[in-house]
Amino acid sequence: MSQTRPTIRTFVIVFVTLLLLLAVTVEAARHDLGQWNFAVATLIAAAKALLIILFFMHVRHSAPLTRLVVSAGFFWLAIMFALSLTDYGTRGWLPAM
Amino acid sequence: MADAHSIHAPSAPLSPSVPPSPSAPLSPSALAHQFDDLEQQHAADELGMWLFLATEVMFFGGMFLAYAIYRRQDEAAFAAASGKLDFWLGAINTAVLLCSSLTMVLAVHAAETAQRKPLIALLTLTMLLGTVFLGIKSYEYHHKYEIHLMPLAGLPFVWDEEGTSAGHAQMFFNLYFLMTGVHALHMLIGLGVMATLLVKACRGGLLGEFAAPVNISGLYWHFVDIVWVFLFPFLYLVRV
Numbered sequence: 016m017s018q019t020r021p022t023i024r025t026f027v028i029v030f031v032t033l034l035l036l037l038a039v040t041v042e043a044a045r046h047d048l049g050q051w052n053f054a055v056a057t058l059i060a061a062a063k064a065l066l067i068i069l070f071f072m073h074v075r076h077s078a079p080l081t082r083l084v085v086s087a088g089f090f091w092l093a094i095m096f097a098l099s100l101t102d103y104g105t106r107g108w109l110p111a112m
Numbered sequence: 007m008a009d010a011h012s013i014h015a016p017s018a019p020l021s022p023s024v025p026p027s028p029s030a031p032l033s034p035s036a037l038a039h040q041f042d043d044l045e046q047q048h049a050a051d052e053l054g055m056w057l058f059l060a061t062e063v064m065f066f067g068g069m070f071l072a073y074a075i076y077r078r079q080d081e082a083a084f085a086a087a088s089g090k091l092d093f094w095l096g097a098i099n100t101a102v103l104l105c106s107s108l109t110m111v112l113a114v115h116a117a118e119t120a121q122r123k124p125l126i127a128l129l130t131l132t133m134l135l136g137t138v139f140l141g142i143k144s145y146e147y148h149h150k151y152e153i154h155l156m157p158l159a160g161l162p163f164v165w166d167e168e169g170t171s172a173g174h175a176q177m178f179f180n181l182y183f184l185m186t187g188v189h190a191l192h193m194l195i196g197l198g199v200m201a202t203l204l205v206k207a208c209r210g211g212l213l214g215e216f217a218a219p220v221n222i223s224g225l226y227w228h229f230v231d232i233v234w235v236f237l238f239p240f241l242y243l244v245r246v
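Keeping their order, the protein sequence lines are chains R and L. 16 is the number of the first residue of the first sequence in my numbering; add one for each residue after it. 7 is the number of the first residue of the second sequence in my numbering; add one for each residue after it.
Rather than coming from a laboratory, the hints here were simulated on the basis of the structure. Among the hints, a few may not be true.
[What the hints assert, rightly or not] Think about it this way: if two alpha-carbon atoms lie no more than 25 Å apart in a straight line, the pair counts; the simulated SDA-like pairs of lysine to any residue are: (1) LYS90/L - GLY49/R; (2) LYS90/L - THR25/R; (3) LYS90/L - LEU184/L; (4) LYS123/L - ALA64/R; (5) LYS123/L - VAL41/R; (6) LYS143/L - ALA64/R; (7) LYS143/L - ALA38/R; (8) LYS150/L - THR137/L; (9) LYS143/L - VAL41/R; (10) LYS123/L - THR25/R; (11) LYS90/L - VAL39/R; (12) LYS150/L - LYS206/L; (13) LYS90/L - ASP47/R; (14) LYS143/L - LEU35/R; (15) LYS143/L - HIS154/L; (16) LYS90/L - ARG24/R; (17) LYS123/L - VAL39/R; (18) LYS143/L - THR25/R; (19) LYS123/L - ARG45/R; (20) LYS90/L - ILE126/L; (21) LYS206/L - HIS154/L; (22) LYS90/L - VAL27/R; (23) LYS90/L - PRO21/R; (24) LYS143/L - GLY49/R; (25) LYS90/L - ASN52/R; (26) LYS90/L - LYS206/L; (27) LYS143/L - ARG24/R.
[Stated by the list, open to error] Here chain L is said to cover these stretches of chain R; the calculated rule only asks that three of the stretch's residues, wherever they fall, bring their Cβ under 8 Å from a Cβ of chain L: (28) 27 to 38; (29) 65 to 76; (30) 79 to 89.
For glycine and all other residues, C-beta sits at the position ideal for the given N, C-alpha and C.
One chain only, chain L, in its complex shape (with noise of 0.2 Å):
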């Protein structure tokens, strides 16, 4: 990494045998040895989770290929069975997730700049909005099971949409509720994470140069942000 000597310690010669001197003096315990110094380390903790956020893209990109495949084999019956689901429900559900992004951003932020409370405050936010988005979706699969559009598990499935592919129409939900369920599956996650860093910010952890695990989790809250968006149109908007 003499490279990354070169970018972040411009001041130090360039022979990698010599160490590089660190612009401020550095808690040990906050730098891991292998590392030169903060900057390399925060570095290969954002690579690493962007290593892990790219496996997560193929993950999710299987359910939209297929959602692709299926939906271009009959449009029309994909559009009558989005327009079984709520609209409104799911654009409020979009805007409480993005309000989510903004509280999460500040809260990095706030760890970063070493500002305990509103860092307790806006992770406790962020929390309060991830269960708010899942309470609405809650509220979603309830109505879908009272209506008999829940093909999970033995449930009957009953279209009564005249004219269009009954068979069609429940693969729609079917992966309606395959990709909203492992999407609400990364929020659960999620909401563990943030309780897990709620709990150490409460203890006066997570400040200043301590604020990695804040950022980290951080990258993967929004990327299940960025999944949702895509998920708002593709499942509620369709029309022919």
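One chain only, chain R, in its complex shape (with noise of 0.2 Å):
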């Protein structure tokens, strides 16, 4: 598994690479994007994560097994955004009986 490990070039990379997306979503926060801020924000909030997950807890490098439960932890978050989302978010499209 050590072998595999990135070394500490790397750390530092993603680190300075998570620095930068942080000032990206600071500037960006600066300026009005109209309906993308928010798209804008989550986007650059889950590259960090990608980021933090696949070097810093070096996923990228585990066992399929773990990287097949990251995954499905990721999924039923999913799941039940979609599920609970589309309920509230149709909920006004029916007049009401």
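Mind docking these for me? Both chains are given alone in their own frames, and the hints should help you get the complex.
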């Protein structure tokens, strides 16, 4: 396992990228992007999370079973959001009975 | 786990009855007797921690879902309430946590490469950064208390933004204190875990093949960092 681990250099590059992404979020929040505000902030946060998971939590070099559990965790989260928000998002569509 | 044999000890025959030949002589106390080798033990350690973190994803996910539903209801009130938070303190705290994730990952590296002094220094630094985060957070909490935006335990909630719903703004602050509070609790637990590791490291433990606790605790620390990575834009950067 340890021979496939990233080096200190990789960690520092990932860290600098994370700080750059933070700077991009902060800069983007100071401009009005209209309806894209939320999407941009969420996408940048997701990119940061992905970097942390893949490199700092070394899922990139983890066993396939571990990677499956990680994906399943976030897949369940997606199910919860998708089903709940389709419910709340469509409640006004039908006229009151 | 015949599959694990074939992956980790390719030179060994694929019969499950033949024990794998470890590449290096192992200290008997590093390897628990139910595992074939350290590789398999590490894989099991990580799998167990990730199963726990998957439950944590759902735990925080429920709060993020509540947030999403209330934010959809009245984005203007959420944006006005978010404007009351100190944007720069939130950004600084994000940077502080990202730094602590770097020191944590370097601490794992130091433990695995059996470097005792760097391990102790990096664990201390991680704890220091975690404490700075909590310090900034408490300063923010105190400020919200002073300007009556802390709707907890019967404290008054005073909302002076004309044109936006005070009730919905109060919901934003309820969610703010719930989510950052539970996150801060996780940070406190993380600091406790780091303190335990630090004591063990000072006694000369956690090095080389004994590094698994540092690795596993690192996963927890990074996860708490990821939660904040999402809390920061959702709480501090709401614009309509």
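Verification of the hints:
1. For the proposed pair LYS90/L and GLY49/R, the alpha carbon gap of about 20 Å is at most 25 Å, so the pair holds.
2. The straight-line distance between the Cα atoms of LYS90/L and THR25/R is roughly 38 Å, outside the 25 Å bound, and the hint therefore fails.
3. A threshold of 25 Å between alpha carbons decides the hint, and for LYS90/L with LEU184/L the separation of about 17 Å falls inside it, so the pair holds.
4. A threshold of 25 Å between alpha carbons decides the hint, and for LYS123/L with ALA64/R the separation of about 30 Å lies outside it, so the pair is violated.
5. For the hint pairing LYS123/L with VAL41/R, the CA-to-CA distance comes to about 36 Å; that exceeds 25 Å, so the pair is violated.
6. For the proposed pair LYS143/L and ALA64/R, the alpha carbon gap of about 21 Å is at most 25 Å, so the pair holds.
7. For the given pair, LYS143/L sits about 20 Å from ALA38/R by alpha-carbon distance, which is consistent with the 25 Å threshold.
8. Taking the CA atoms of LYS150/L and THR137/L, the gap is about 20 Å. The hint holds against a cut of 25 Å.
9. Restraint check for LYS143/L and VAL41/R: satisfied, since their Cα atoms lie roughly 19 Å apart, inside the 25 Å limit.
10. Pair hint LYS123/L plus THR25/R holds up; C-alpha atoms about 22 Å apart against a cutoff of 25 Å.
11. Taking the CA atoms of LYS90/L and VAL39/R, the gap is about 22 Å. The hint holds against a cut of 25 Å.
12. For the proposed pair LYS150/L and LYS206/L, the alpha carbon gap of about 39 Å is over 25 Å, so the pair is violated.
13. Distance restraint check for LYS90/L and ASP47/R: the Cα-Cα separation of roughly 18 Å lies within the 25 Å cut-off, and the hinted pair is therefore satisfied.
14. Our distance criterion of 25 Å between C-alpha atoms is met by LYS143/L and LEU35/R, whose separation comes to about 23 Å.
15. In summary, the hint linking LYS143/L to HIS154/L is supported, as the alpha carbons are separated by about 17 Å, within the 25 Å threshold.
16. A hinted pair counts as satisfied when its Cα atoms are at most 25 Å apart, and LYS90/L with ARG24/R does not qualify at roughly 39 Å.
17. Between LYS123/L and VAL39/R, the direct Cα distance comes to roughly 36 Å. Violation of the 25 Å bound is thereby established for this hinted pair.
18. With a C-alpha separation of about 30 Å, the suggested pair LYS143/L and THR25/R falls outside the 25 Å cut-off, and the hint is violated.
19. Of the supplied pair hints, the one linking LYS123/L and ARG45/R is violated, its CA atoms being roughly 43 Å apart against a limit of 25 Å.
20. Between LYS90/L and ILE126/L the alpha-carbon distance is near 39 Å, which puts this suggested pair outside the 25 Å criterion.
21. At most 25 Å may separate the alpha-carbon atoms for a hinted pair to count; LYS206/L and HIS154/L exceed this at roughly 44 Å.
22. Among the hinted pairs, LYS90/L with VAL27/R is inconsistent with the structure: their alpha-carbon atoms are about 34 Å apart, more than 25 Å.
23. Distance hint between LYS90/L and PRO21/R is unfulfilled; the C-alpha atoms sit about 41 Å from each other, more than 25 Å.
24. Using a Cα cut-off of 25 Å, the hinted pair LYS143/L and GLY49/R is violated, with the two alpha carbons roughly 30 Å apart.
25. Between LYS90/L and ASN52/R, the direct Cα distance comes to roughly 18 Å. Compliance with the 25 Å bound is thereby established for this hinted pair.
26. Between LYS90/L and LYS206/L the CA atoms are separated by roughly 43 Å; this puts the pair beyond 25 Å, and the hint is violated.
27. Between the alpha carbons of LYS143/L and ARG24/R the distance comes to roughly 31 Å, so the proposed pair goes past 25 Å and is violated.
28. For the region 27 to 38 of chain R, the stated coverage by chain L is satisfied: 5 residues place a CB nearer than 8 Å to a CB of that chain, which reaches the threshold of 3.
29. Requiring three or more residues with a Cβ within less than 8 Å of a Cβ of chain L, the coverage given for the region 65 to 76 of chain R holds, as 5 such residues are present.
30. Check result for the region 79 to 89 of chain R against chain L: holds, 7 residues qualifying (beta carbon to beta carbon below 8 Å, three or more required).
Checked against the numbered hints given earlier, the structure breaks hints 2, 4, 5, 12, 16, 17, 18, 19, 20, 21, 22, 23, 24, 26, 27 and satisfies all the rest.
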